[in-house]
Amino acid sequence: MITTIEPGLFTTIQDQGRWGFQAYGMPISGAMDRYASQVANLLVGNRHDAAVLEMTGTGGTFKFDEKQIVAVCGGDMQGLLNHISISNWSTFIVPRRGILRFDTAASGYRTYLAVRGGFEVPIVLGSRSTCTPVKIGGHEGRVLRQGDVLHVGRDMECETQLGSLADGYIPQYANEVQLRVILGPQDTMFGSAALDTFFGSSYKVTTQSDRTGYRLKGPKIKHLGNADIISEAVWLGAIQVPVHGMPFIMTADHQTTRGFAKLGSVIRGDLPKLVQTKPGDCIRFRCSTEEEAIEALQKEQESYRNIAHACKKE
Amino acid sequence: MTEYIHSIRILVAGEHGLVIEFGSVIAPEVNLRVQQLARLLHFEPIDGVMEVIPTYRSVSIYFDPLVITRQELSRQVIHKLGRIEHQGVEDLLSSRVVHVPVCYGGVLGPDLEYVSRYTGLSPQEVICIHTSKPYMIYMLGFIPGFPYLGGMSSKIAVPRQERSRERIPGGSVGIGGNQTGFYPIESAGEWWLIGRTPIKAFDLTSDNPFLFSVGDYLHFEEISTAEYFAIRRSVERGTYVPEVSYL
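Heads up: the sequence lines are chains A and B, in that order. Residue numbers for the first sequence follow the UniProt record's numbering, so the first one is 1 and each next one is one higher. Residue numbers for the second sequence follow the UniProt record's numbering, so the first one is 1 and each next one is one higher.
If a hint is listed, it holds; no wrong ones were tucked in.
A few chain B residues that face chain A, going by a derived Cβ cut-off under 10 Å, partial list only:
{"id": "1", "residue": "V12"}
{"id": "2", "residue": "A13"}
{"id": "3", "residue": "M50"}
{"id": "4", "residue": "E51"}
{"id": "5", "residue": "I53"}
{"id": "6", "residue": "R57"}
{"id": "7", "residue": "V59"}
{"id": "8", "residue": "Y62"}
{"id": "9", "residue": "R70"}
{"id": "10", "residue": "L140"}
{"id": "11", "residue": "P147"}
{"id": "12", "residue": "I185"}
{"id": "13", "residue": "S187"}
{"id": "14", "residue": "S213"}
{"id": "15", "residue": "V214"}
Hints were generated in silico from the structure; no laboratory data involved. Note that beta-carbon positions come from the ideal geometry of N, C-alpha and C, so glycine has one too.
In isolation and in its complexed conformation, chain A is listed as follows:
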């Protein structure tokens, strides 16, 4: 078992999400940064749907009762294993009674801790992900607290070897990112001047951003007429622009339906970049195409295949 000595700012158990119930109003949840969480699982030889810990902004401190193989991916929370620095994006062993301590993210914003076998919590509607707005999934439907005891499961797939990921697969996190956007479905509710504003300006991540969405602040994007639409489904990456004209991008815990005009969607391949930004960071947008979006997805899948191959113990 693994004991939470300090929980960190906002630490939850997440997997790849609770798909299939959005028609009933159930958010998807799941890891905000799909890439970092998937790679963490690959590094320890887990199945892709094993549950990992997602730490936000400032990580926690965990005491391991038994020796475990772990990997840490995503933002650099300056992890220490028994006071010695660990490197991110690598597989290592935490010895029996080892203490793994994380601090504030020096780069990025979300860090994933995968343990070989995954974190064992009950599966709720097909997923182990915590959905704090609904208070279900993960560890008692909530963020971790001091003293919480976590158990290791059996969601491993193959043997793995210790070591670091090749540099080419490690993303560099910046305080200014550019996100690619596919327009629609309500882009026609904005004039060309509004689209020029959106694509020509820099937007700041506000402190009102969380797992449900990123609320940005910057030059106002004006609607041609009404700002609201009849409530309909929203999706990961959808960029809503409510009447105040500030973009609001949907992430993992987003509500399933909303009634705001959606200017476009951040392509899935760029969502990891978005969710690794923190309040105060700057975001710019670039108009993209479906071809480019699919190419990014293909590249991501290829990375997973290559990483899985490289990690496999010969």
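Using the hints, position chain B against chain A.
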């Protein structure tokens, strides 16, 4: 292609999504078309489609673009639309009515008095109108199990509160604009709370965690405070069976 299919818009929702828009109004005839397509996609799933979400006037389809292309998915959807074009929607009309007991006013419905003052009706008249007929469930969303209802009388419509209440208790029944419904779980919201139901529309301990399906009807019924607590105890014990009838 026929005029019916031409009147339907197929919109882009990122590289993973497609929105099939049947109209721009909230109306039963539009929503029944939505339900018709959603049901067909449920019973005849298309490879690569991850989720189908019916809403007031559109169906959103989330798919894996590495499994099926947008062009191919659109082609298959248009084919399905062609097949259902001449099918009546009458047989789609669910006749399932879920009865939702509500204790109106008092501490459980703190805004009933406000709604009464705003509408110029007595609290009892507000309750009578609110319980007078079943409401169709156009869609579910916002929070798990939350029903978007249609058909409330404009006599009891009240503009939403300007400020969102942080914590509305689960089970609260409210009116916001010309909409009514209830919050299945604790949530923030802007509606005026006229009562509370002891039953759960989202219950993970139940075999069927979601009480409502799109197309069902919901009928509010007035109960006393004593009945409210009696039903609540029965819900907590897991022995309560929601009353369902058929039109």
